[in-house]
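Asker: Residue strings, one per chain:
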Amino acid sequence: MKTYLPLAIVIALSTAYGFWWKANQGAIRTKKAVPGHRLNAQILGEALGARATMVQFSSAFCTPCRATHSLLSQMVASMSDVKHIQVDAESHLELVRELDIRSTPTTLFINSQGIEVGRAAGTPKRDQVLAALANIA
Amino acid sequence: MSEVLDNKEVAKIYIDARGPRFGATITTIVLAIALVTQNKWVIVAQGLVFLIGAVKGPQFTPYGLIFKNVIKPRLSGVAPTEDVRPPKFAQAVGFVFALVAGIAAFAGADLVFTIAVGAALAAAILNAAFNYCLGCEIYLLLVRFTSK
Chain D
1 MKTYLPLAIV IALSTAYGFW WKANQGAIRT KKAVPGHRLN AQILGEALGA
51 RATMVQFSSA FCTPCRATHS LLSQMVASMS DVKHIQVDAE SHLELVRELD
101 IRSTPTTLFI NSQGIEVGRA AGTPKRDQVL AALANIA
Chain W
1 MSEVLDNKEV AKIYIDARGP RFGATITTIV LAIALVTQNK WVIVAQGLVF
51 LIGAVKGPQF TPYGLIFKNV IKPRLSGVAP TEDVRPPKFA QAVGFVFALV
101 AGIAAFAGAD LVFTIAVGAA LAAAILNAAF NYCLGCEIYL LLVRFTSK
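Protein chains in written order, with my numbering: chain D, 1 to 137; chain W, 1 to 148.
In case anyone wonders, no lab produced these hints; they're calculated from the structure. Model, not experiment: these values are computed from the prediction. Built from N, CA and C at the ideal position, the CB exists for glycine as well. Mixed in with the good hints there might be a few duds.
What the hints assert, rightly or not - Pairwise CB distance ranges, derived in the manner of DEER restraints: (1) W:Leu99 x D:Ser80: 48 to 56 angstroms; (2) W:Val96 x D:Glu98: 26 to 34 angstroms; (3) W:Leu99 x D:His37: 51 to 59 angstroms.
To be verified - Below 30 angstroms or equal to it, Euclidean Cα-Cα: the simulated BS3-like pairs (lysine-lysine) are: (4) W:Lys40 x D:Lys2; (5) W:Lys68 x W:Lys40; (6) D:Lys32 x D:Lys22; (7) W:Lys72 x D:Lys31; (8) W:Lys56 x W:Lys40; (9) W:Lys56 x W:Lys68; (10) W:Lys72 x W:Lys56; (11) D:Lys125 x D:Lys22; (12) D:Lys22 x W:Lys72; (13) D:Lys32 x D:Lys125; (14) W:Lys40 x D:Lys32; (15) D:Lys2 x D:Lys125; (16) W:Lys40 x D:Lys22.
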């Protein structure tokens with residue numbers, strides 16, 4: 001008994017989702033931020049940047065986490081007032097739940113007060129990161 | 001903060017990142033055949049491939065061996081590498097779907113078979129066509145729901 005209907009449905013749904021997912025990867029969203037939470041050196045284990053900090057949540061089963069880490073750490077190397085801190089999501093589940101981190105890599109852009117102003121799921125592009133950092137006074 | 005991620009003992013195996021993507025393409029074709037023909041032996045075979053990929057690594061599956069011996073010698077350029085754990089995780093997810101589909105097929109539950117094969121096929125299409133990272137999207141959610 002051959003049927004092509006399930007195949008057609010699966011191809012249509014997964015392709016539509018795939019394009020949507022691809023388009024949203026790395027986009028820095030201000031509306032998804034959890035602004036009430038305050039991050040500090042005690043929680044993160046490292047001091048915050050004087051102006052801004054990018055807090056990257058990563059996990060072991062995540063290939064783009066590596067690319068994101070090398071992009072962001074390379075970018076902050078030439079910025080004296082911005083820091084990049086990587087957090088292992090799995091070993092900080094309480095923080096992950098409080099901040100509603102759902103996938104890795106998720107990078108939070110936080111200001112000098114430790115307040116989140118935006119977040120990106122997936123690897124952001126260099127220009128997007130520069131624009132997001134420019135918006136943090 | 002990232003001792004687990006950077007630990008060389010934990011993350012010591014890196015493979016050619018194009019291998020799992022080639023494997024996902026073959027997997028897509030095999031699962032599409034399983035879905036159209038509703039043939040349980042196709043899903044049994046694919047389930048064994050997933051099992052090898054999940055336990056030993058995708059580079060040891062038949063698709064991985066085809067990539068290594070037939071495809072890779074014909075490719076040029078620097079091979080991008082990736083940690084073996086993300087594709088291994090994806091293979092384990094595939095195995096769970098194949099297992100459910102296999103049990104359903106032998107129990108005569110056609111609808112369950114179709115849904116399970118369809119879910120595995122969707123993941124394979126996303127991986128092959130969009131370089132979708134299953135581990136990135138669902139691993140943390142699984143941990144969030146299953147541990148306190």
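Asker: Verify the proposed pairing of Lys2 of chain D with Lys125 of chain D, using a straight-line Cα cut of 30 angstroms.
Answerer: Since the Cα atoms of Lys2 of chain D and Lys125 of chain D sit roughly 45 angstroms apart, the hinted pair is violated (cutoff 30 angstroms).
Asker: Lys72 of chain W and Lys56 of chain W: Cα distance at most 30 angstroms?
Answerer: holds, 20 angstroms
Asker: Is the Cα-Cα distance between Lys32 of chain D and Lys22 of chain D 30 angstroms or less?
Answerer: Distance of about 18 angstroms is within 30 angstroms: holds.
Asker: Can the restraint linking Lys68 of chain W and Lys40 of chain W be considered satisfied, given a maximum Cα separation of 30 angstroms?
Answerer: Roughly 28 angstroms between the alpha carbons, so the hint for Lys68 of chain W and Lys40 of chain W holds.
Asker: Starting from Lys56 of chain W, check that the Cα of Lys40 of chain W is at most 30 angstroms away, please.
Answerer: Holds, at roughly 24 angstroms.
Asker: Between Leu99 of chain W and His37 of chain D, does the C-beta distance stay in 51 to 59 angstroms?
Answerer: Given a distance of about 40 angstroms, which is not inside 51 to 59 angstroms, the answer is violated.
Asker: Under the criterion that the straight-line Cα-Cα distance not exceed 30 angstroms, is the pair Lys22 of chain D, Lys72 of chain W satisfied?
Answerer: Since the Cα atoms of Lys22 of chain D and Lys72 of chain W sit roughly 26 angstroms apart, the hinted pair holds (cutoff 30 angstroms).
Asker: When you check the alpha-carbon spacing of Lys125 of chain D and Lys22 of chain D, does it fall within 30 angstroms?
Answerer: holds, 13 angstroms
Asker: Does the Cβ pair Val96 of chain W, Glu98 of chain D satisfy 26 to 34 angstroms?
Answerer: holds, 30 angstroms
Asker: Next pair to validate is Lys40 of chain W with Lys2 of chain D; report whether the Cα-Cα distance is within 30 angstroms.
Answerer: holds, 13 angstroms
Asker: Check the hint pairing Lys56 of chain W with Lys68 of chain W against an upper bound of 30 angstroms on the C-alpha distance.
Answerer: holds, 16 angstroms
Asker: Within 30 angstroms, alpha carbon to alpha carbon, are Lys40 of chain W and Lys22 of chain D?
Answerer: violated, 33 angstroms
Hints 3, 7, 14, 15, 16, counting from the list given before, are not met by this structure.
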